[in-house]
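Student: Given the coordinates of chain A, assemble chain B onto it according to the supplied hints.
Residue numbers (this note's numbering), protein chains in the order written: chain A, 4 to 237; chain B, 1092 to 1325.
None of these hints come from the bench; they were simulated from the model.
Heads up, some of the hints might be wrong.
In silico lysine to aspartate or glutamate, EDC-like type, Cα no more than 16 Å apart, as pairs [unchecked claim]: (1) B:K1253 / B:E1224; (2) B:K1145 / A:D135; (3) B:K1225 / A:E132; (4) A:K149 / B:E1224; (5) B:K1283 / B:E1259; (6) B:K1147 / B:E1103; (7) A:K149 / B:E1180; (8) B:K1313 / B:E1325; (9) B:K1225 / B:E1190; (10) B:K1296 / B:E1325.
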Amino acid sequence: MNDIWDGIVQAFTLIYTLDSDLIKISLRSLQVTLSALAISCIIALPLAAVLTIQQFKFRRFMIALLNALMGLPPVVVGLLVYIVLSRSGPFGVLDLLYTTTAMIIAQTIIITPLITSIAHQSLRELWSEYHDLLISMNTSHTQRIKTLLWDARRALLTASLAGFGRAIGEVGAIMIVGGNIDNATRVLTTAIALETSKGDFALALALGFVLILITIAVNIGTHWLSQTESEGRW
Amino acid sequence: MFPLIAENLVVEFKGKHILGPIDLKVDKGDIAVILGPNGSGKTSLLKALHGILKLKIGTVRWSCSKTKSIGKQMFVFQTPIMLRRSVFENLTYPLLLREIPKAEANHRAAQWLDRIDLRASMQVPATRLSGGEKQKLALARALITEPQMLFLDEPSASLDGKTTYEIESLLQSCVSNGTTIMMSTHDIGQAKRLAKNIYFLNKGKLESIQPAKTFFIRPLSKNASKFIAGDIVE
Chain A
4 MNDIWDGIVQ AFTLIYTLDS DLIKISLRSL QVTLSALAIS CIIALPLAAV
54 LTIQQFKFRR FMIALLNALM GLPPVVVGLL VYIVLSRSGP FGVLDLLYTT
104 TAMIIAQTII ITPLITSIAH QSLRELWSEY HDLLISMNTS HTQRIKTLLW
154 DARRALLTAS LAGFGRAIGE VGAIMIVGGN IDNATRVLTT AIALETSKGD
204 FALALALGFV LILITIAVNI GTHWLSQTES EGRW
Chain B
1092 MFPLIAENLV VEFKGKHILG PIDLKVDKGD IAVILGPNGS GKTSLLKALH
1142 GILKLKIGTV RWSCSKTKSI GKQMFVFQTP IMLRRSVFEN LTYPLLLREI
1192 PKAEANHRAA QWLDRIDLRA SMQVPATRLS GGEKQKLALA RALITEPQML
1242 FLDEPSASLD GKTTYEIESL LQSCVSNGTT IMMSTHDIGQ AKRLAKNIYF
1292 LNKGKLESIQ PAKTFFIRPL SKNASKFIAG DIVE
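Isolated chain A, as found in the complex (with noise of 0.2 Å):
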């Protein structure tokens, strides 16, 4: 119980004076996974898009593969990076490994089939609603799209925070490609877990607390931005 107040108190301290490395890291943290989470939104959301509209021949096979990978150890998506980005691997001449950049890549990896398959998900039960009225409307692929985008834009809002909350709690993949190296590639993740490695709790704890409230921040954030709850909203 005393490493939990002790983490508690740690925290709070760490947070009201502003603590440089504690801004640093969760600045790092949130770079970090804010643009693996906009990568994957790029690709994820048309992408959903597209599984919904267009009939294909290995489209449910698609489907299937992206609901198992929803699943993917972060772990095996890390080795998987480091082997393709290490000197040896295709990528290594990029000199990306022990980067940011390769950390995003990792969460890019991970979280795309998460957002898109829950965003496939929302964009089937819209398409089955405007089936009949778009296609009467003789209105083309990118038409139908970008309407289900846009109608929908509220369920993929959640899809895509689903997808922020598991990369910002990420610590395997990021650990593995990145290195966890101070003042280079050291995230709130990652920071914790050295802490805990090195049996101070108490800054590990408080770590965990200024992560969970970014998380919780974010959310709500976003809820209030988009109104989600608002009257009159869908």
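Tutor: Leaving out everything else, chain B in the frame of chain A:
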């Protein structure tokens, strides 16, 4: 664009015969009303003519090209499909699809809001309207594009007398503006008020095509006589 000619039109769904073979011709300015018992194929015929349902065999021809004709026809469904947008945005949607400038689309939508008496609800989500208001909005959304051909599937099913009257007034005004109408209904009174020609459909077959004036006095088919008398049609 006219006449609309259907030849040897047959529709099947999952191997089950739904409709046909049907031959018919619709001329410009017609108000063609399809009458028939439940399950006779009224909706399927409308959807097949509009191109939403695939034909097993047969053709639907317009005097102009398919691409040209498709942009000049609209369909109003029995259960109105509302976009998850405001009433106003539902009205501007088909205009913006046709790349009509936003200012012009807004101006036309505002005029239609007055015509269907929904100006006070213009920012309300369309899904929150009552059944009658939704049907009026769906009709206005179709008419705002000034279609040359309008398909309506039981446009006043389960609506009260006042709303039915409002919808019929809108239909009559759009016919006087040059729109041709093909609609299905169960309401014999409505068919009497609106129809120029009656198409009587039973078990997927077109049993008779008659001018409305003679249909209700001397129907050509026995089943049509029973239907008018309110008896069960075999």
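Student: Among all the numbered hints in the text so far, which are the ones the structure does not match?
Tutor: 4 and 9
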